[in-house]
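Novice: Residue numbers (my numbering), protein chains in the order written: chain C, 1 to 134; chain F, 1 to 144.
Hints listed in this document are in silico derivations from the structure and should not be mistaken for laboratory results. We put the beta carbon where it would ideally sit given N, CA and C, even for glycine. There's no promise every hint is true.
[To be verified] One-sided excerpt, in silico: chain C residues whose CB lies under 10 Å from chain F:
id, residue
1, THR19
2, ALA20
3, VAL21
4, LEU24
5, ARG31
6, ASP64
7, SER91
8, ASP93
9, GLN97
10, ALA99
11, MET113
12, LYS114
13, ASP116
Listed here are the chains, written in short residue letters.
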Amino acid sequence: MMTSFVQGSPVKALIVEDTAVHALILSTILRKFHCEITMAENGNEAVQLFLEGKKFDIIFCDKDMPVMSGPETIEKIRALGESHVKIVGISADYDAQEAFVSAGADVFLPKPMKFDVVGPMIQEVINKKNNSMV
Amino acid sequence: MAATMKLSTLGYAASMLSTGLLDEQFQKLLLLQDGSDPNFVVEIITLFCEDGERTIGELTKQLDKRCVNFDEVADFVHKLEGSSATVGAQRVKNACIQFLEFCKEKSRDGCLKTLDTLRVVFYDVSGKFKAMLQLEQQQAEATK
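Let's have the full structure, built from the sequences with the hints guiding it.
Specialist: Printed below as a string of structure tokens:
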């Protein structure tokens, strides 16, 4: 996999996923891009991170989770004013795209995930970060 | 090919692919293993087997209740469907899809029958996964 680096800081990625298998796969892929990874097992944990002042460049969010669903989580994060963070909704439910996009997600990835689409997403975030530093 | 896995283990995985127990998604997973994540496949398979066993236990409990909550049953099956699709456990995934249909119909008999099928296919693939991991470990010990 090709990697490209942000001058100064790694991409901060948040994985919101309650299934261990999916969380491990995503974190393994993101590690190859030297991302700084934070995990949340449900939407409530994810929202709490933002309430604590944490910032992320990209969020990968599952749809069906206990406590708070993915779309609800995304709505709450956007409502906190987090308009710049790239949010990727992920689900095995192909009908989930509308729910994610309505909630404020930028992209929908169906499961099982095509691993090679993650790289260009991270590269896009890196490019954006590098451009904002110019 | 996963450079860090032994050829015999890859051969074992190939036979699981050729019999339809696994699909090409598993081959994609193998590609994620490299020097920086040498235990990735072991971890994924272990998690899948543990989660799957727990889920089947939960499904058995749920369907044993006098009043079955089919939405809750469907939630468990959906999770297993997702993880089995992700690791390439094709037959487990297909059994889950069938299971979800019976959940929609709220058919306890249908669910129980499909749970039996699910149990058989899951333990078939998890047994072979565990054998594959043991082979990998034995090979690793032998080359020390």
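Novice: When the hints from earlier in the document are held up against this structure, which numbers fail?
Specialist: Violated hints: 9, 10; rest satisfied.
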